[in-house]
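There are 2 protein chains.
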Amino acid sequence: MRTPKIPKPTIRRLAIYYRCLTKLKDNGVDKTSSKEMADLLGIKASQVRKDLSYFGEFGKRGVGYNVDKLSFKLKEILGLKKNWNVAIVGAGNLGSAIANYAGLEKNGFKIVSAFDVDEKKVGQMIVPGVTIQKIDDIEERIKNNNIEIAILTVPVNAAQEVTDKLINCGIKGILNFTPTSIYAPEDIEVEDVDFVISLKSLTFEIASSKNDL
Amino acid sequence: MRTPKIPKPTIRRLAIYYRCLTKLKDNGVDKTSSKEMADLLGIKASQVRKDLSYFGEFGKRGVGYNVDKLSFKLKEILGLKKNWNVAIVGAGNLGSAIANYAGLEKNGFKIVSAFDVDEKKVGQMIVPGVTIQKIDDIEERIKNNNIEIAILTVPVNAAQEVTDKLINCGIKGILNFTPTSIYAPEDIEVEDVDFVISLKSLTFEIASSKNDL
Numbered sequence: 001m002r003t004p005k006i007p008k009p010t011i012r013r014l015a016i017y018y019r020c021l022t023k024l025k026d027n028g029v030d031k032t033s034s035k036e037m038a039d040l041l042g043i044k045a046s047q048v049r050k051d052l053s054y055f056g057e058f059g060k061r062g063v064g065y066n067v068d069k070l071s072f073k074l075k076e077i078l079g080l081k082k083n084w085n086v087a088i089v090g091a092g093n094l095g096s097a098i099a100n101y102a103g104l105e106k107n108g109f110k111i112v113s114a115f116d117v118d119e120k121k122v123g124q125m126i127v128p129g130v131t132i133q134k135i136d137d138i139e140e141r142i143k144n145n146n147i148e149i150a151i152l153t154v155p156v157n158a159a160q161e162v163t164d165k166l167i168n169c170g171i172k173g174i175l176n177f178t179p180t181s182i183y184a185p186e187d188i189e190v191e192d193v194d195f196v197i198s199l200k201s202l203t204f205e206i207a208s209s210k211n212d213l
Numbered sequence: 001m002r003t004p005k006i007p008k009p010t011i012r013r014l015a016i017y018y019r020c021l022t023k024l025k026d027n028g029v030d031k032t033s034s035k036e037m038a039d040l041l042g043i044k045a046s047q048v049r050k051d052l053s054y055f056g057e058f059g060k061r062g063v064g065y066n067v068d069k070l071s072f073k074l075k076e077i078l079g080l081k082k083n084w085n086v087a088i089v090g091a092g093n094l095g096s097a098i099a100n101y102a103g104l105e106k107n108g109f110k111i112v113s114a115f116d117v118d119e120k121k122v123g124q125m126i127v128p129g130v131t132i133q134k135i136d137d138i139e140e141r142i143k144n145n146n147i148e149i150a151i152l153t154v155p156v157n158a159a160q161e162v163t164d165k166l167i168n169c170g171i172k173g174i175l176n177f178t179p180t181s182i183y184a185p186e187d188i189e190v191e192d193v194d195f196v197i198s199l200k201s202l203t204f205e206i207a208s209s210k211n212d213l
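Sequence lines, in order, name chains A and B. Just so we're aligned, residue 1 is where the first sequence starts under the numbering used here, counting upward by one. Just so we're aligned, residue 1 is where the second sequence starts under the numbering used here, counting upward by one.
FYI, nobody ran anything at the bench for these hints, they're computed from the structure. Yeah, the Cβ is synthetic: ideal placement off N, Cα and C, and Gly gets one too. Among the hints, erroneous ones may be present.
[Claimed, not checked] With a cut-off of at most 16 angstroms between alpha-carbon atoms, the simulated EDC-like pairs for lysine to aspartate or glutamate come out as follows:
{"id": "1", "chain 1": "A", "residue 1": "60", "chain 2": "A", "residue 2": "76"}
{"id": "2", "chain 1": "B", "residue 1": "8", "chain 2": "A", "residue 2": "194"}
{"id": "3", "chain 1": "A", "residue 1": "165", "chain 2": "A", "residue 2": "194"}
{"id": "4", "chain 1": "A", "residue 1": "50", "chain 2": "A", "residue 2": "68"}
{"id": "5", "chain 1": "A", "residue 1": "172", "chain 2": "A", "residue 2": "148"}
{"id": "6", "chain 1": "B", "residue 1": "165", "chain 2": "B", "residue 2": "140"}
{"id": "7", "chain 1": "B", "residue 1": "106", "chain 2": "A", "residue 2": "39"}
{"id": "8", "chain 1": "B", "residue 1": "106", "chain 2": "B", "residue 2": "26"}
{"id": "9", "chain 1": "B", "residue 1": "44", "chain 2": "B", "residue 2": "26"}
{"id": "10", "chain 1": "A", "residue 1": "106", "chain 2": "B", "residue 2": "118"}
{"id": "11", "chain 1": "B", "residue 1": "50", "chain 2": "B", "residue 2": "26"}
{"id": "12", "chain 1": "A", "residue 1": "8", "chain 2": "B", "residue 2": "194"}
[What the hints assert, rightly or not] A few chain B residues that face chain A, going by a derived Cβ cut-off under 10 angstroms, partial list only:
{"id": "13", "residue": "9"}
{"id": "14", "residue": "42"}
{"id": "15", "residue": "93"}
{"id": "16", "residue": "145"}
{"id": "17", "residue": "146"}
{"id": "18", "residue": "149"}
{"id": "19", "residue": "151"}
{"id": "20", "residue": "169"}
{"id": "21", "residue": "191"}
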């Protein structure tokens with residue numbers, strides 16, 4: 001049975017709760033509460049309770065949550081009980097920096113392939129043990145290496161063409177770093193990470209708080 | 001007068017509409033509609049109209065929007081009529097890749113300073129004309145260079161300490177790439193860009209659609 005439609009911001013917060021619980025666990029904390037987690041994250045306790053309520057009852061009123069159990073449950077909900085094979089598509093500065101980001105492997109995301117159009121990059125190592133391959137070979141390699149997630153860091157003008165190839169070879173999800181909308185069928189998940197949009201969201205807030213003076 | 005409280009997802013979409021209008025303009029398109037924009041972005045036309053309605057009446061029913069005018073208005077709303085001086089705080093792989101991202105300058109964000117703790121990096125050029133400086137000098141340099149936005153790409157364990165320094169020297173906004181929550185007073189805007197959280201949001205969707213089978 002599919003979980004009822006969960007709002008996107010709730011899903012992101014679940015991942016943030018999971019990160020928060022992992023930190024509590026590392027600090028030897030056994031029990032927590034919606035209030036404690038909310039305070040750590042700068043949000044409201046009622047928000048934490050509402051988000052978790054989509055998935056059933058976790059804590060006991062007045063007793064709170066068992067950190068281990070809730071953490072395990074969130075890990076399961078977020079699909080993190082397995083490791084995920086990831087491909088970097090576009091091995092420029094940003095693609096390389098992401099591939100080498102320590103947080104990926106730690107969280108169960110393993111870079112197993114990288115692709116680029118630039119002949120000079122092909123054959124170079126992007127992370128230990130993974131050499132950059134020609135993008136022409138992408139369909140075959142994605143299929144043969146059980147890669148379910150692609151991180152898209154190609155230039156804008158190549159974004160849709162590469163996306164179409166990824167769709168053809170059965171990718172399940174795309175993390176889109178290109179500053180453009182990409183189109184994929186409904187059964188392929190797309191998450192956009194556009195930090196220029198985030199910067200503009202920041203300047204909106206700064207500009208509108210200035211108008212407040 | 002301060003604009004009424006606008007939901008965060010609306011603000012992000014305004015930035016996306018602005019990007020979409022810029023593209024239409026580049027393609028020589030004069031007029032558009034909520035339907036056309038929505039189709040280009042894979043959302044609903046009613047969403048576009050609702051988001052824009054926070055800021056008044058833009059289009060005429062049945063006639064649509066003048067691309068130039070709406071684009072200009074959104075540019076103003078998003079605080080993009082001026083350029084913004086930006087500092088990169090933490091000049092590792094990710095910080096360097098972001099500093100060199102072509103989309104920044106094109107969108108009015110100018111990297112004018114970069115800081116790191118690593119003595120070996122100090123003095124190196126991060127982008128043409130900008131050398132990496134000691135993080136000890138950050139407060140003075142931020143003040144003297146009229147820097148309003150900091151992009152935070154330091155390790156997690158340094159995140160809050162550096163944030164506190166940035167607050168002290170009068171930064172207006174922080175784009176937080178560190179995988180942790182940072183605390184700042186209400187008048188300092190913080191936007192988180194955590195792509196591991198985005199990946200987990202992706203694996204949630206993939207895992208829950210599998211359960212659907």
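#### Entry: Which numbered hints fail
Failing hints, ascending: 1, 3, 4, 7, 9, 10, 11, 16, 17, 20.
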